[in-house]
Amino acid sequence: MRTLVLAAALGISAALASCKGGLSEPAPPPPPETAAHAQPPPTVAGRVDSLLRARWQAGGVTPAPRVDDAGWLRRVHLDLVGTLPSPGAVRSFLADASPDKRARAVDALLASPAYAERWTTYWERELLGPDARNPFVDRTELRRWLREAFVRNAPWNEMATQLVSAVGTNSPDGDDRSDVNGAVNWLLRYQKSPADLAGQVSRVMLGVQIQCAQCHDHKTEKWTQEDFQRFAAFFARTRPEPVDTMTGMRIRRVSVQDGAKPAPAMRRDAELRRAIRLEPRTLDGTELEALSGHLAPGQAAPDRRQALAAWMTSRENPWFTRAIVNRMWSLFIGRGLVDPVDDLRSSNPAAAPEVLDALATDFAESGFDLHHLVRLLTSLESYQLEARHPAGAPGDAALWSFHPLEPLPPDVLLDAVIAAGGLEPVLEEVTGADLMDLRGQLRRHYAFVFDVDEESHPETFDGTVPQALLLQNGPLVSGASSLVPRGALEEVLALPDRAARIEALYLRTLSRSPTPAETARWSAFLDRPRQAVESSGPLAAARERKRKGVPADPLGRYARRVPSRATTAEQQAYEDLFWALVNSSEFVFNH
Amino acid sequence: MPLDRRHFLTLGAGAVGVACAARWGLGAEALAQTAPAGASAKACILLWMNGGPSHIDTWDPKPGKPTGGKHKAIQTSAPGMRISEHLPGLAAQAHRLALLRGVSTKEGNHQRAQHLVHTGYAPSPTVDHPSFGAWVSASSTGPERDLPAFVSLGGPSAGGGLLGLSHGPFVVAEPGSLPRNVTAPGNVDDPRLAARREALSMLEDDFARRTADPKVAARRDLYDKARRLMGSPDLAAFDVSSEPEAVRAAYGDSAFGRGCLTARRLVEAGVRFVEVVLDGWDTHKDGFTRTARLMGTLDPAMATLLRELAERQLLDSTLVAWMGEFGRTPRINGDEGRDHYPQAWSAVLAGGGVRGGVVHGATDDDGARVVSGQVGVADIHATMAHALGIDPARSATSPGGRPIAVTDNGSVIRAVLA
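For the record, the sequence lines run as chains B and C.
Using my numbering, the letters of the first sequence map in sequence onto residues 1 to 591.
Using my numbering, the letters of the second sequence map in sequence onto residues 1001 to 1418.
Simulated from the structure, these hints should not be mistaken for laboratory data.
Backbone N, C-alpha and C fix where the C-beta goes; we use that ideal spot for every residue, glycine too.
Check the hints yourself; a few may be wrong.
Label pairs and their computed distance ranges (CB to CB) [to be verified]:
id : chain 1 : residue 1 : chain 2 : residue 2 : range
1  : C       : 1365      : B       : 226       : 56 to 64 Å
2  : B       : 424       : C       : 1286      : 31 to 39 Å
3  : B       : 440       : C       : 1335      : 48 to 56 Å
4  : B       : 88        : C       : 1286      : 22 to 30 Å
5  : B       : 440       : C       : 1372      : 47 to 55 Å
6  : B       : 515       : C       : 1236      : 40 to 48 Å
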């Protein structure tokens, strides 16, 4: 009965809320496999669009105008694959006159390797957090696991099930990959704190912050400390067993299994010790025994985590589809339908519950198909709107009536700068075989300096001085905007005339052509009399010693070795324009 | 006040009886407060002993006991206070120190304990606690300065949490030299820099007009702040190379020594909270050799810092704190080391209205249990906040009225205040 109360509180339609009590018909079986890859039925996108239109109308809100093709292409590239569109891609998209070109662009991006890479990185950060060394966590293996899943567009319920019920070894033994399951690395992040594990599973997969009840009974919600402890009891027997006795390895190889006895970490935790003796119970009050119904035929005693995963991903679960749909909405459209995205509860209702319901139902019917969800979200009217802020402070009625400005996440910003500056061949030459390693270092460095939270949609911009300094004076942007051998500016300056050069710089950075007024202005800027700076000193300051905790700028060494070759005043003026473009808000925001 | 998701986070641990998921926002009015009477410190220098120093091998020696280890104890300038023989310079400054020998906490894992001691709260997945330095930054009054209010020399420290990114530490990787990226590349002279800024300004004008989004203006403000820092005469405070050789030598030729000297210079330039990191205290193996070496780095730096602050009439207005994330076991392990031990450890306060030559709290004969004057991190933070004129109960309030306070019900340790 608890399900019903909660479902009602969440504004969940009866069909979806059919619960153990069997008050309503069981949900229909998922449609046949082929449906998953068809275009989304126009009715869903159309319904969402009209729901939002009605909302704006009621609030007297005029939505922003439709974004132009170049703006839309940049947005969809950044959102879907985390990179800027290449100048060539912008040109051919603008030249394409077919009416379905936006949908086709989405399909092409979904099929590209960059899609899997972008979502691997997103989920790695979501599941493992920022770079904290943990000897039990093999990030590379979790990435491998995620990448494989995103490449084949694994259904989200399958991914969630495998993550929550994962058993196996965290890391390979040299080339020996037997028994390796990269998914266990998420669980291992919390191997010393099973309470956090239970809390994170609930938060990430269900969008429910059950962990709040760890310390005290919830006053306004249904959760009690016992609810939390009984939820945590699903993980009470999950333990890592050492695989080999070698010490001093970067990663300790362990095998994650559920034993017959409570895990030692659970026994050590004073607050959780009680949970050991408790029978697991899900958030809607289903006892472990009752979950056996979810198990595959022939499966013996209910394995605790498998039973939990089965309950979690079942069609009747009121949170599971909403949590992922809401999260993806916030990544593509703007503020979450429920905000924050990981706080689904009756006292924090969705701003547009009918939209959330429509999307959740559709997602479940698609077979939990993430490609389908992305196609749907990117086809919505809200996704086609310009980043034009309404006058004054936009109220709730104005939600999703314009595209918000969002700072690029650190790894996306990093890739965008590298792409704009054409730095990849340059870096490859300087670092030799270690480009992957250098990228890893850069990613850590940027993640350290740019601490951006992708699902948050603050109405104001919050940045730090070191971020501004890194972009203005740091070696990466210096290198990207300087005339260095094989870099972008060398290519740009090889173009025959000034207008073509300015356009090339715009396409590389802002992914659009300049307006005639802009071309004229920069032409005048380049024409200004100026003195060439003679000493083309190094691009970066002195060497830094390595220090624990603060990643060194990995490009410091490179920048000291590669001085700019801009010797004429005009070449230097081009560098200055390029620098300004890379530092501009139009470049560093997704808009 | 900028807000992002972390500043809207929900609240779990701690106070009982209010909705878990109250949303957090901060208004300027929420931060308004008055300094308690008697507060004298304007700035704080935190000497952060990363890894967790042994209390027995440093400030709470147990000579002759099985747990006592290899270091001897020596007399200090404070009658009755004895500390490790490897801290002779600090022994001579002991009349300025308040030793807290009864610190007791519950976190024995580095990361969790570092969070606890930096923020005053055990880590929670649902609240992003501000570090103590962020509270000091957020309570700074007066005109905005070119230099950041909170500097970490050696980093990474802990962030601004729900107070916002801008109150987090300005991390300087290399103490004693200029922060990263505060100068333009060598081939960009002043006229070029001006041309760049002008070009950028035109781009920002256009984009602000096109989007009408206030975020563009906020980002410009940030670039203005960066520009002011780049051109500030105060920037030189980060660079110790202009200090006389004798002064630099007195602090010691180490990153920590340069950090302490930088800290003094930054405080003189108006920075309110400076953290200086000395890493390496996680001495599971070969502990006595290693702690002796660490104290060889610590002693001249901290002693010279105290002496110079006093000579420059800055000690009364500068609170100096020494602590790590926990202590180390009284029991000596098979590798001549000691393991993590949060149950009983030591911290030190000096200056800023703190009484010198005081020992507050004690452990038993083995250094295993606190037998008197037990304090927790919240009490230490409350004492530091009090000294700095920040109400320890001050909080960032949610629209729903739910507070996260500077300290988790900490009590000011009156015994160490002048």
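Note whether the CB distance of residue 440 of chain B and residue 1372 of chain C lies within 47 to 55 Å or breaks it.
Cβ of residue 440 of chain B to Cβ of residue 1372 of chain C: about 51 Å, so the range 47 to 55 Å holds.
A range of 40 to 48 Å was offered for this pair. Does it hold for the Cβ distance of residue 515 of chain B and residue 1236 of chain C?
Once the Cβ atoms are compared, 44 Å apart, the range 40 to 48 Å for residue 1236 of chain C and residue 515 of chain B holds.
Using the C-beta atoms of residue 1365 of chain C and residue 226 of chain B, is the stated range 56 to 64 Å upheld?
violated (43 Å)
CB of residue 88 of chain B to CB of residue 1286 of chain C, is that within 22 to 30 Å?
Violated - the Cβ-Cβ distance for residue 88 of chain B and residue 1286 of chain C, about 60 Å, lies outside 22 to 30 Å.
Does the Cβ distance between residue 440 of chain B and residue 1335 of chain C fall inside 48 to 56 Å?
violated (33 Å)
Outcome of range test on Cβ distance (residue 424 of chain B, residue 1286 of chain C; 31 to 39 Å):
violated (45 Å)
Hint violations for this structure: numbers 1, 2, 3 and 4, all remaining hints satisfied.
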